[in-house]
Amino acid sequence: MFSTITPSTTTILVKDTSSPTNSCHPTAASSSYCCSTPTSSDSQEYYYNGNDVRRQEVEQCMVILDWDDTIVPTKVLIDQGGKLTLSNVYTSVVEAFLTLLLHLTKGNVYVLSSSTEGWVRESCALYLPRVLPLLDEMQVVHVPKRHLARGLKQKEASAVRIVSQWYSTPSCLEAKGHHHRCSSLEINPGT
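Note that the sequence shown covers residues 1379 to 1569 in the numbering used here.
Wrong hints could be hidden among the right ones.
Here are the simulated lysine to aspartate or glutamate pairs, EDC-like style, with alpha carbons at most 16 Å apart [claimed, not checked]:
| # | residue 1 | residue 2 |
| --- | --- | --- |
| 1 | 1461 | 1500 |
| 2 | 1484 | 1514 |
| 3 | 1484 | 1515 |
Keep in mind that the hints were calculated from the coordinates and are not lab data.
Whole structure, please, built from the sequences with the hints as guidance.
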């Protein structure tokens, strides 16, 4: 049904909605993955093989990013008492990266954080203010505070729930030549 490709902590999910039967499988190269519809003669595919990414008419794609220590160097910020200025080069790279992801995924970029509610927006405003308009185009999902003790495993479970809900929400699956955003995702890690 879907494939997750995880270079570092970024998750890329690709879905081919042209057929009810979707499959994802490793390709011949051990580090490559292909998602396609095997019943279709003109299968639509997405390849990832380390440094080379090719896209061939993928109708649906989403990216899930971890905010803390992936986009924002949270541990360094804490160690410095919040007194850190991120360079213009770093800010430009983050801005370009997120702009590209938003474009390639037609807005299906999700930011996952195990921090308290509001931290993603607050830290973005303080340390990456040029990125704030891009953040407004993304879905931010906070793991509820009572579940923070579960750490990375809880983030993984939350990512799985995001993907499951994304697949099951009809407005997210419409493909009429334009993108329909999911209005909200509610993640309950306890279930």
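Verification of the supplied hints:
no. : hint         : verdict
1   : 1461 to 1500 : holds (14 Å)
2   : 1484 to 1514 : holds (14 Å)
3   : 1484 to 1515 : holds (10 Å)
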